[in-house]
Amino acid sequence: MAGGTIWKGRIHCGGIDVPVKLHSAIREERVQFHLLHKRDNAKLRQVMICAYEQKPVPAEEQAKGYEVEEGKYLIVDPEELEHTSPKESRLIEVHEFVGAGEVDPVFFGRAYYLEPDGKASGYLALAEALRETETEGVCTWTMRKRSWFGALQASGNGLRLSTLRYADEVVPAKSLELAKIPLPEKELKIGIELINQLSGPFQPEKFENEHQKKLQHLIDRKARGEKIAILRPRRIRPTAPDKLFETLEASLKKVA
Amino acid sequence: MSRSIVEIGGRRLPLTNLEKDLYPPYGFTKAHVLDYYRRIAPVILSHLKDRPLTLKRYPDGVEKDYFFEKRCPGHRPAWLKTADLVRDGGERMTVCLVNDLETLIWVENLASLELHVPLAKAVSPKTPDSIVFDLDPGEGANVLDCARVALILRGLLLEWRLAGFVKTSGRKGLHLYVPLNRKEATFDETKRFSKAVAVVLEKNYPDLVTSRMAKEFRKGRVFINWSQNDASKTMVSVYSLRAGEKPVVSFPLSWRELENASERGDPDKLRVLHSEAVRRAGKSGDLFRQVLTKKQRLPHP
Amino acid sequence: MAMQGIWSGTISFSLVAIPVQLVRAIEPGRVSFRMLHSADYSPLRRKMFCPEEERIVSPEEIVRGYEIGPGRHFLITDEELESVSPERSRTIEISEFIDLREVDPIYYDHPYYLVPEKGGEKAYRLLAEVMERTGKAGLARFVLDEREHLVAVRSAEGVLALITLHYAGEVLPAGDILAAGGQIDALEKGRMKKEIKKRMSRFDPDAYADGRRKSLLDLLKKKAKERPPVEAPAAEGEETEGPADLIAALQKSMRKLKEDR
Numbered sequence: 000m001a002g003g004t005i006w007k008g009r010i011h012c013g014g015i016d017v018p019v020k021l022h023s024a025i026r027e028e029r030v031q032f033h034l035l036h037k038r039d040n041a042k043l044r045q046v047m048i049c050a051y052e053q054k055p056v057p058a059e060e061q062a063k064g065y066e067v068e069e070g071k072y073l074i075v076d077p078e079e080l081e082h083t084s085p086k087e088s089r090l091i092e093v094h095e096f097v098g099a100g101e102v103d104p105v106f107f108g109r110a111y112y113l114e115p116d117g118k119a120s121g122y123l124a125l126a127e128a129l130r131e132t133e134t135e136g137v138c139t140w141t142m143r144k145r146s147w148f149g150a151l152q153a154s155g156n157g158l159r160l161s162t163l164r165y166a167d168e169v170v171p172a173k174s175l176e177l178a179k180i181p182l183p184e185k186e187l188k189i190g191i192e193l194i195n196q197l198s199g200p201f202q203p204e205k206f207e208n209e210h211q212k213k214l215q216h217l218i219d220r221k222a223r224g225e226k227i228a229i230l231r232p233r234r235i236r237p238t239a240p241d242k243l244f245e246t247l248e249a250s251l252k253k254v255a
Numbered sequence: 000m001s002r003s004i005v006e007i008g009g010r011r012l013p014l015t016n017l018e019k020d021l022y023p024p025y026g027f028t029k030a031h032v033l034d035y036y037r038r039i040a041p042v043i044l045s046h047l048k049d050r051p052l053t054l055k056r057y058p059d060g061v062e063k064d065y066f067f068e069k070r071c072p073g074h075r076p077a078w079l080k081t082a083d084l085v086r087d088g089g090e091r092m093t094v095c096l097v098n099d100l101e102t103l104i105w106v107e108n109l110a111s112l113e114l115h116v117p118l119a120k121a122v123s124p125k126t127p128d129s130i131v132f133d134l135d136p137g138e139g140a141n142v143l144d145c146a147r148v149a150l151i152l153r154g155l156l157l158e159w160r161l162a163g164f165v166k167t168s169g170r171k172g173l174h175l176y177v178p179l180n181r182k183e184a185t186f187d188e189t190k191r192f193s194k195a196v197a198v199v200l201e202k203n204y205p206d207l208v209t210s211r212m213a214k215e216f217r218k219g220r221v222f223i224n225w226s227q228n229d230a231s232k233t234m235v236s237v238y239s240l241r242a243g244e245k246p247v248v249s250f251p252l253s254w255r256e257l258e259n260a261s262e263r264g265d266p267d268k269l270r271v272l273h274s275e276a277v278r279r280a281g282k283s284g285d286l287f288r289q290v291l292t293k294k295q296r297l298p299h300p
Numbered sequence: 000m001a002m003q004g005i006w007s008g009t010i011s012f013s014l015v016a017i018p019v020q021l022v023r024a025i026e027p028g029r030v031s032f033r034m035l036h037s038a039d040y041s042p043l044r045r046k047m048f049c050p051e052e053e054r055i056v057s058p059e060e061i062v063r064g065y066e067i068g069p070g071r072h073f074l075i076t077d078e079e080l081e082s083v084s085p086e087r088s089r090t091i092e093i094s095e096f097i098d099l100r101e102v103d104p105i106y107y108d109h110p111y112y113l114v115p116e117k118g119g120e121k122a123y124r125l126l127a128e129v130m131e132r133t134g135k136a137g138l139a140r141f142v143l144d145e146r147e148h149l150v151a152v153r154s155a156e157g158v159l160a161l162i163t164l165h166y167a168g169e170v171l172p173a174g175d176i177l178a179a180g181g182q183i184d185a186l187e188k189g190r191m192k193k194e195i196k197k198r199m200s201r202f203d204p205d206a207y208a209d210g211r212r213k214s215l216l217d218l219l220k221k222k223a224k225e226r227p228p229v230e231a232p233a234a235e236g237e238e239t240e241g242p243a244d245l246i247a248a249l250q251k252s253m254r255k256l257k258e259d260r
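Protein chains in written order, with numbering that gives the first Met the number 0: chain G, 0 to 255; chain L, 0 to 300; chain E, 0 to 260.
Calculated directly from the structure, the hints in this document are not laboratory data. There may be inaccurate statements among the hints.
As the list claims (entries may be wrong) - Simulated crosslink set (EDC-like; lysine to aspartate or glutamate; CA at most 16 Å straight-line): (1) E:K46 - E:E59; (2) L:K120 - L:E183; (3) G:K37 - E:E169; (4) E:K188 - G:E131; (5) G:K37 - E:D98; (6) E:K255 - L:D83; (7) G:K118 - G:D16; (8) G:K54 - E:E51; (9) E:K224 - G:E68; (10) E:K188 - G:D16; (11) L:K245 - L:E62; (12) G:K179 - E:E51; (13) L:K80 - E:E116; (14) G:K37 - E:E81; (15) G:K54 - E:E169; (16) E:K192 - G:E68; (17) L:K48 - L:E158; (18) G:K212 - E:E169; (19) G:K213 - E:E81; (20) E:K196 - G:E133; (21) L:K125 - L:D83.
Given only the sequences and the hints, what does the whole structure look like? Please build it.
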């Protein structure tokens, strides 16, 4: 079941005005560890230490500095920072619509479900319109003192809002400037054949978080006082460039 | 916007804004800057190698805003060597390592006129390879006063069987390096030693030297900035350009040169411009080479 | 502590193995702050503190524990943790290929890129090209930061782009919040479709900048003009001149030097 309401706003675009409530769509599970002091297993706490006094500095004595030159800082106080936060607004403003699937996966942040706030007719019509046009809305809004950039998408028979990362945080694949290496067509052909053999539908339910289970198992065994066998990870030997073709052939034989 | 592509070490590098004058009114464009670093590469690269680079970028020239960047810019080619460091605050940071000509040219295409590096390498950030005495003239003092202090320091270090190497800061001061190149060296030790030296010089030459940072002590004196011997500090690299009116270089000097300049009272000899730097490096090679290789031990009294 | 790259290992499909490094696809923006002590602007360091002994604990004294009751823990070592999934800590083994268009973006978590290591360039190029031509992405599981992730690897302009996916169990069912049901007003829907068509465009992320970041930069610019930046006291808090014997020995050399002149 989706989490509780975390924010309320209204989707706005020209004549469209749809009030909604936000709910988390993701809940991560992970085994929590604590950091302990070796000698007495006391739980440790993270603190900020002054380099010269070697003692913890309480939050009220901490200042934020922007380093303009080595060891030289512009101090920014909390009120000034407050002023830089965007003005509160309840508007999810849709600026344009793009084809569904056009946004590169690298941009996607976190997803939220939207629930109609009040009358559902506008909400349902918008969800259906997005679905039929196979589009998603590119929008901006302000939430928790931050400006967000996101995609408004149809989801099931409802609506979903996914945050998007700002372009200046995303490293474009092109900027990595990998060298181009020519490949013989026969290797490509056999590679394509191999991939087709190994292809299937995406079934996310097939993948359980086994690691989490195995970790829990390890903890249970430790609890019973069992000794844990240490297994070392190994790196597998890379395929030599001149062996690529025969390795592909052998792979194909194996799966066919 | 001009754009041209060069091929270095098998990498294709797009260069931009080549005609941009980065040193107005002297007149020294980005093309000149790139050419300077290309020519000085044979001597500068070993001093930058494996050290986290701090960039000081002047995209609009020395008279305009600059960017001080410890992080390696995100838009970087995959072949560029980087290291991941954890800063004191716990924050992770990816830094550039300038280990070859193609990286140097890539960095200079970002208009990073000045190249700053720490005294330690990225793999051993707590191990200083040398001690530095950063001689910084206060108001009313000049580079000749620094030369006097450097010569006194040299004598004192020789008493301790330590060889030192000096370079111009490219501004008003001098930097004296004492190579150690030993795994056991620590910043605690080098800082303690450099501070003690600064304090002793101050006692013996109170009108010439101060070991204290506060402005009131620095007037008319040379401040021996011993606090540069710290893992978090960087020094401008030898052979780096400086951002100033003219493209002046932080350049190594022989002790003879320093003595001559000091005797003649000629501060101009202690300012090396880009063209002279290229000429001199071509003629006499890397005068700072031993800073990277000479093994010396700090004596324990 | 220094290290190279985030992760280095092997990506494999069937019998082909390619040495690769993982690099970030997301870099923080330029504005980042450091925490300073407001008393003297000296930088603060993040350290672990033992409240029992009231002292800072060095990394060698820290162990990892799993809490089984108030104040009661088991210790888990790095080696034990790695033993949970040793085969997946150095290898990204593609178990199958899928059509990435079938993946609902709700599953996307964090993106990275893989770059080839020496000797792996050709096989890397082949995998990228073949995925590009077939429009397929590989599914694999591997361990990063003590967690095993389900990941999709695809080709983005010839670069292998890896994205961690949420597990199906982490995606919450929308439940009744979307099951509002009810009639869709055809007129209203038509009006909305018109609105959508009027605003159709190509996705251009560069057109959207973080307004907050811009106003932060403006603020910093303004502050830089108003007054000079503050400086930490360069360890001048240490009042001592240095060890007395070192000072004395240096002083002795200094005296000798002066006499020789």
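Structure-based check of each hint:
no.	hint	result
1	E:K46 - E:E59	holds, 12 Å
2	L:K120 - L:E183	holds, 14 Å
3	G:K37 - E:E169	violated, 34 Å
4	E:K188 - G:E131	holds, 10 Å
5	G:K37 - E:D98	violated, 49 Å
6	E:K255 - L:D83	violated, 48 Å
7	G:K118 - G:D16	holds, 12 Å
8	G:K54 - E:E51	holds, 15 Å
9	E:K224 - G:E68	holds, 15 Å
10	E:K188 - G:D16	holds, 13 Å
11	L:K245 - L:E62	holds, 11 Å
12	G:K179 - E:E51	violated, 59 Å
13	L:K80 - E:E116	holds, 12 Å
14	G:K37 - E:E81	violated, 20 Å
15	G:K54 - E:E169	violated, 40 Å
16	E:K192 - G:E68	violated, 53 Å
17	L:K48 - L:E158	violated, 32 Å
18	G:K212 - E:E169	holds, 14 Å
19	G:K213 - E:E81	holds, 11 Å
20	E:K196 - G:E133	holds, 11 Å
21	L:K125 - L:D83	holds, 15 Å
This entry does not satisfy hints 3, 5, 6, 12, 14, 15, 16 and 17, going by the numbered hints stated previously.
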